[in-house]
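**Q** Listed below, chain by chain, are the residues.
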Amino acid sequence: MSKKELRDVVKLRYATPENAVFEEKRGFVSLTFRPEDGEEKTYDRVKLQRNFPNSTPDGYLSVLDSEDNEICLIRDVEELGEETAALLRRETARRYYVFTIKKILSVNQRYGFSYWKVEAGDGVREFTVQDTYRNFRKLGADRAAVTDVDGNRYEIPSLSGLDRRSMKKIELYI
Amino acid sequence: MIEVSKMGSEIVPLLQDHGLRCEDVAVFAMTDMALDGTRADVCLVLTEKELLVITGYVRDEGRPGKKHARVFSETSCETYGSEKLKELKVEEYISTGWLTATFDGEPTELAAMTKTSLRDVRIFVKYASAKLEGREEEIDENDFKDDRFCPKCGRRYPDPERKICPHCMEKSKLFKRLFVFAKGYRRYMAAILFALCLTAALGVIAPYVSTEFFYDKVLRAGNSWYGRLLEAALLVLLLRLCSMGIGTLSGIISARVSASVTYKLKITIFSAIERLSMSFFSARQTGGLMNQINNDSNEIYWFFCMGAPELIRNVIQIAAALVIMFIMNVPLALCAVVVVPLFAFVVNRLFSRMHTLHARSYRSSRALNATLSDALAGFRVVKAFSREKEETARFNDRSERLARDSRSVTVFNNTAFPAASFIMNLSNLIVWSVGGWMAVTGTGGMTYGRLMAFIAYSALMNQPMFMLVDMASWFTACTNAMQRLFEISDAEPDVREREDPVKLDGMRGDVEFKNVGFSYEKGKKVIDGVSFSVGAGRSLGIVGHSGAGKSTLANLLMRLYEVEEGEILIDGVNVKDLSFDDLRRNVGIVSQETYLFVGTIADNIRYARPDATDEDVIAASKLAGAHDFIVKLPDGYETMIGFGHKDLSGGERQRVSIARAILLNPKILILDEATAAMDTATERMISEALTDISKDRTTIMIAHRLSTLRDVDSLVVIDKGKIVESGTHDELIRAKGQYFDLYKLQLDALRNIGITE
Ligand SMILES: Nc1ncnc2c1ncn2[C@@H]1O[C@H](COP(=O)(O)OP(=O)(O)OP(=O)(O)O)[C@@H](O)[C@H]1O
Ligand SMILES: [Mg+2]
Numbered sequence: 001m002s003k004k005e006l007r008d009v010v011k012l013r014y015a016t017p018e019n020a021v022f023e024e025k026r027g028f029v030s031l032t033f034r035p036e037d038g039e040e041k042t043y044d045r046v047k048l049q050r051n052f053p054n055s056t057p058d059g060y061l062s063v064l065d066s067e068d069n070e071i072c073l074i075r076d077v078e079e080l081g082e083e084t085a086a087l088l089r090r091e092t093a094r095r096y097y098v099f100t101i102k103k104i105l106s107v108n109q110r111y112g113f114s115y116w117k118v119e120a121g122d123g124v125r126e127f128t129v130q131d132t133y134r135n136f137r138k139l140g141a142d143r144a145a146v147t148d149v150d151g152n153r154y155e156i157p158s159l160s161g162l163d164r165r166s167m168k169k170i171e172l173y174i
Numbered sequence: 001m002i003e004v005s006k007m008g009s010e011i012v013p014l015l016q017d018h019g020l021r022c023e024d025v026a027v028f029a030m031t032d033m034a035l036d037g038t039r040a041d042v043c044l045v046l047t048e049k050e051l052l053v054i055t056g057y058v059r060d061e062g063r064p065g066k067k068h069a070r071v072f073s074e075t076s077c078e079t080y081g082s083e084k085l086k087e088l089k090v091e092e093y094i095s096t097g098w099l100t101a102t103f104d105g106e107p108t109e110l111a112a113m114t115k116t117s118l119r120d121v122r123i124f125v126k127y128a129s130a131k132l133e134g135r136e137e138e139i140d141e142n143d144f145k146d147d148r149f150c151p152k153c154g155r156r157y158p159d160p161e162r163k164i165c166p167h168c169m170e171k172s173k174l175f176k177r178l179f180v181f182a183k184g185y186r187r188y189m190a191a192i193l194f195a196l197c198l199t200a201a202l203g204v205i206a207p208y209v210s211t212e213f214f215y216d217k218v219l220r221a222g223n224s225w226y227g228r229l230l231e232a233a234l235l236v237l238l239l240r241l242c243s244m245g246i247g248t249l250s251g252i253i254s255a256r257v258s259a260s261v262t263y264k265l266k267i268t269i270f271s272a273i274e275r276l277s278m279s280f281f282s283a284r285q286t287g288g289l290m291n292q293i294n295n296d297s298n299e300i301y302w303f304f305c306m307g308a309p310e311l312i313r314n315v316i317q318i319a320a321a322l323v324i325m326f327i328m329n330v331p332l333a334l335c336a337v338v339v340v341p342l343f344a345f346v347v348n349r350l351f352s353r354m355h356t357l358h359a360r361s362y363r364s365s366r367a368l369n370a371t372l373s374d375a376l377a378g379f380r381v382v383k384a385f386s387r388e389k390e391e392t393a394r395f396n397d398r399s400e401r402l403a404r405d406s407r408s409v410t411v412f413n414n415t416a417f418p419a420a421s422f423i424m425n426l427s428n429l430i431v432w433s434v435g436g437w438m439a440v441t442g443t444g445g446m447t448y449g450r451l452m453a454f455i456a457y458s459a460l461m462n463q464p465m466f467m468l469v470d471m472a473s474w475f476t477a478c479t480n481a482m483q484r485l486f487e488i489s490d491a492e493p494d495v496r497e498r499e500d501p502v503k504l505d506g507m508r509g510d511v512e513f514k515n516v517g518f519s520y521e522k523g524k525k526v527i528d529g530v531s532f533s534v535g536a537g538r539s540l541g542i543v544g545h546s547g548a549g550k551s552t553l554a555n556l557l558m559r560l561y562e563v564e565e566g567e568i569l570i571d572g573v574n575v576k577d578l579s580f581d582d583l584r585r586n587v588g589i590v591s592q593e594t595y596l597f598v599g600t601i602a603d604n605i606r607y608a609r610p611d612a613t614d615e616d617v618i619a620a621s622k623l624a625g626a627h628d629f630i631v632k633l634p635d636g637y638e639t640m641i642g643f644g645h646k647d648l649s650g651g652e653r654q655r656v657s658i659a660r661a662i663l664l665n666p667k668i669l670i671l672d673e674a675t676a677a678m679d680t681a682t683e684r685m686i687s688e689a690l691t692d693i694s695k696d697r698t699t700i701m702i703a704h705r706l707s708t709l710r711d712v713d714s715l716v717v718i719d720k721g722k723i724v725e726s727g728t729h730d731e732l733i734r735a736k737g738q739y740f741d742l743y744k745l746q747l748d749a750l751r752n753i754g755i756t757e
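Just so you know, the sequences run in chain order F and H. For the first sequence, the working numbering gives the first residue as 1, with consecutive numbering after it. For the second sequence, the working numbering gives the first residue as 1, with consecutive numbering after it.
Here chain H stands alone, though its shape is the one from the complex (with noise of 0.2 angstroms):
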């Protein structure tokens, strides 16, 4: 039986009743959804002769004592033999997916499903289909690894791709990690500690010799130090520059330890990208990635250069105040801290909404950046359509709204803190009017100087207290941006060079499809046993739809991503065993989407051979027919193109990128649309240079004009990711099949100017 979904104790008895036993199941899911949307549990189930959809709702029969008093209550089922179900399908809404199939002949809806359930039924129609078509699917091994919860507590990873569970997480583990990268720093950091310990104790000492010291020693008549002004200003002034040199000098070294950690830390970070695969980077938006590293290293660098020391030294003069305190006057000391709980709910409470305001206008202002960068990238556009009175509107509207949610910001700094302070007020009037009356009754031992030094004391403790409570959100933002780059640096790339990989020496460039299949998203097949070969030195061209899966046959050839099924061979090799330097060396690509790079023309072309000299940058400018406007440019070849940089056209560009391929010199070349944008005499230059340069190179062309692949040696046409006719470019003419429909079409099109051929 295969088991898509869990099998639970109450299915079991629920077979029973329709007289099942599950050696008699063959495929086995279930749903979340009637097919009248409402919620229900739906089993599907096929057997050898049919398939039977039981909806109905699974229930908690709550026995005492038993634990697994789960009944399914069945509320109906549809019987389907199978020899007249065909073309099991999922078809795909907003919310919900419907499984379909034509049952003797009709179209019919089979069961729904929330998008949920979506993926147990993909995989069942996966092997149900199989089954009813009498083939044998291979069992593949994913499919059954839910892996979707976490495996500790239960819960749903928030992110299918990434496994982590927030509620599970371990800080510790992540601190531990990243002390890794302070290691050289031990003796800084026991330095910064030793002084946040010296500072903190001079603080405590501080408010001693200013109060109680002063008023009941100094002051006082009788004592050793009357009158001794002078002396005692200086201590005070002393003890104060003794601190303040303590502290400078500490933060000095803490913020250079921090810098240098999240130094470390971002090269291994970068590092670690470069292995990365392209899946990798689709699944979470490069642009952003980048972005996302240097905030989350700024905001541990921030947490460990200014939050941990203060929350240290804080901690230690907090702890030390509540001694002294206690030591000088217990029942006034409890006065003090009475109001302490209160004080920490209401600024805590002032804190999350302060972060909701902050959140919003940090989103207004990127939402006014995005605005402004848009209209300034399009403004081509903008122009050419008028749009300059909407788009400042626009911008004014955005710009106001930012206005707005800062102005609530400052307002609210501006009227709840000082009511946080007002309820410090409070305790301090509850020590001034409990300690006055002890200092006039004389209660306890209580002097006026000595009074002093407790308010000064509450003051100490009362003072960091703001901070601390921040300090949680901080922590928890620190934590947060840790994991977020550890998990960047731990990621299993999942194209991965073997241990040994083969090395070709002098490869040939035979290049071999064998049923290939892929699909970017589960079970949404892009290229669907696809094969066909190259033999070294010929050349092939791909016709097809766009979005038939074109481009991706050239991303599987460079190994950009994996193949699922199927391999494939170059010289006899799979290219999962070749070693990621032959690949890339010996095999180039001219992509759809050129990619120039800041710099200069000849950087940009140099860039997969840097090593190349000028010589060898100008011999191919000139097969790819580059050199010519290149010369005419008063920079030559050192003209800065890129972003913000010389505009070039979109025949130039291309032009630049086949330079860029045909440097790298390698044994097969992929063109995907490489001359698209060119004009159809250019487009025969280049490609006339191209096929004198291919004798001995492996060729492979992906275009829509069929002009284009007139010369090479065999074409296919590929539909919806499988291949539907192969052939020379005579014999696809003579099968009369869509290649030729093709032709005919642009050969009409070329008749209707006047052109024949």
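Isolated chain F, as found in the complex (with noise of 0.2 angstroms):
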């Protein structure tokens, strides 16, 4: 049981421009903090978890240290400068690496399960789902996400984009 403070748990902290610097290092994200109450600190290694990933996927972002602690919050990357945006950006669409699927190119259903085949960002990705109805989800208005047997995420970012035969080997789930 490691000990915290009672103001270390409940107060939010947030990184401005001028108290936190975010640097790459070996491809992590490396901090230097100081919070305003306490002593600067460098984390070589922070973890970016979003609070709200699908609504505000570069917003209230957690930085945590390498035994998952909060260090701060950050509102809005786009609040630290241009270069700390970019690099934030790129490591947390990187941890939140999802399939996106472009064209849905079957779907067949078998006894509650179904085998999907799909058009990718990277070409031709075959997966299988089970509980299809429980496993397809969408994520606001437009967006929607199916998960397979493994737990791998595939997202379609625009239903209405979607092609309409494609929409109609899915319309059942939606």
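Treat the hints with caution; some may be incorrect.
Short, incomplete list of chain H residues facing chain F, as computed with Cβ under 10 angstroms [to be verified]:
| id | residue |
| --- | --- |
| 1 | MET33 |
| 2 | PHE103 |
| 3 | GLU106 |
| 4 | LEU118 |
To be clear, the hints were calculated from the coordinates, so they are not data collected in a lab. Backbone N, C-alpha and C fix where the C-beta goes; we use that ideal spot for every residue, glycine too.
Two chains, two frames, some hints: make the complex.
**A** If you want it as structure tokens, here you go:
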């Protein structure tokens, strides 16, 4: 059990260009952070966790240390300047990488399972979905995602942008 | 070599390129993603000296005649010296995982993977870490049993928990198994079959009598039946009555048989469920399970009660009609069947569309129900936050959606099926015109009556078409349901009683955990190397953060789950060897989530020992501090509680649960946060009562509030599944470790409000 001060837990600390410096170090993001009520400290490696991954991917990022304690929050990556924003965006995009469905080639239902063949960003991918109704989820009004048996997530960034034939194949689940 | 992923033929030459032989490799695994997130094939190769991460992709060099012409084209290779490599770890994200480590003291990313390779990499990390740290890791056969693929067709099992390949499922086997349940009903089934044949035959005769016979024999002069109208009418009536009577009779029999077969099936399934272990339920959500069993058996019931007899009757009837039509007039018969394939095709499409619409409206109605029960179950919260308007709006939205979906079903039914009937009429039209022409010209001996008969037969053939086409999906649904049910009855419980279990008469209650390790999900250790012991009649307190694994320890002692490493001993006997009876009778638990069944308070307390007398129940309640509040209820011990009845407070529920455990009078009592919802004074009282009776009882107490654990003989502090400290209260205070910190914190809190100890 690590000791945690109450104020560490309840206080919201935001990263600003003045108190936080994010840098790239060996492929990881490092942070030098000086809280207003404490000493400056450098973290070799911080993790970025989206608080609202669906609605605000670039806002409200939790910056966590190696023990998963929150160091600070980022309200919006834009606030930290262009360069840092780009770094943070790249990092989160990589962490939150999901496959994108461009086109649905086939969906075969069989005994409650479905076998999918889709055109993803990097070519054709095939996967199997269990209990399709439960694993197909709408994210907001126009986005949807389906999760396969391994837990990989395939996202449809815009349902209205999908061609008619693809749409017909997934109509049932929407 | 530990080969976590299958080493393909293309890997050996690759290793040779790096100056390695297969014997040099200690652990090998593959992932499917490069570090930049692109698709790739990546080899993780751990040798005595270093870790190689070779990125590239496997190509099929399609040389004709040669089968295995797979080539690994390498794009990059990173090498990490073993002595500088530490802390291999897999980090998991939404669709990807990352293998990281500290290399030369700095955090380093080694490899990336999609979730598909995650399992392999986790196992790789397990063995590679042991190797790097110079430990000897025991080889677990399960790690290499890749049973994610169907051995027959190589396809992925869609559900990792269910080893069933939808492509290779044998349907005939399912039906054979179902007929085992119908064993005692052979004679009835023969009767049904006979009746079906009879109705089919009558159905085939009827059109002849009412058309050709009537027009050409009764209405035409010069026949022996000429003018005998009344007799003809009576004959028709008799035929109809017979066919109706037989049909009704066989309907009644088949309803009976199907009902008792499904009843037997249900009984089998439910008794199978009792044998199954916890992990079966957590993988499947129990609530849905019961529902599913009911729905599935209904599906089977309706198929066999309605579907199968109809199918048999119709098939016989169609076959007979076809034969008669071809005997009557071959060219005309050909005209009649020519439209059938087109019709079948169209109807098939219509049905698939209809199923989509039905499924959608079914889903909307479920969503509506969910919203409704949500709002009703949470009505306190709804009112407290005055969200009635929003809830109403949500409900309106859902019910509007349902209305819309139901409407589209109706509209579809009212437009599509007339359209299908039109095709059917097309067939009639052809028969009418060709047949009419034949009758007029007298070609092929066609008469007016014969034409009418012919038309009646073609109707006999066409009518059941709708149903037959839909039969396929009905059949699928039914086999699907059977599959799921048999699967439950076949499931092997993973916690099973040994064949010749050890009986412990007069259990003392010594508990010992020896290096216990356990994980709910593979690779995520929840309990890791936990050892402690509690002597008979002694008490042990377990403290630790929320999520540390305290309740899991209790589950393992109860043998609700099976330990993966190490062993748990009671009186020196492994719990795996103990008889379930002894275990359940001697180990009692008051779990964190109190569960009360619908029934009286007395029933709830008596649950573990139904033969307990009223006096026993009262005595147990007294000890649990429940008696006082129970007697104040107007119905006393006979107050109905549970869902839909009297609401008890959190602390009251806990006291009923404690009484339940005390009544069992177990040698080993586990209290998991059993008094957390009570005020300190009540807790104190119960705790004293428990101490009083716990002289010859081993007690394991889990609590966050340290004051609860004031009287225990010894304590263990666990954090992230490991024991970090243990000893008596005084020892732990002196050690000034985590327990001390916690104690000080809670003491400070008391001091702040002016209480000192
Ligand atoms: N059935 C389960 N399947 C998967 N993971 C589980 C299951 N039950 C518990 N866990 C996980 O195991 C870990 C330990 O859980 P456990 O219930 O033993 O914690 P605990 O110490 O009793 O916590 P608390 O004090 O909050 O009751 C938690 O991270 C929890 O999320
Ligand atoms: Mg718990």
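**Q** Could you work out which of the previously given hints the structure breaks and list their numbers from low to high?
**A** none
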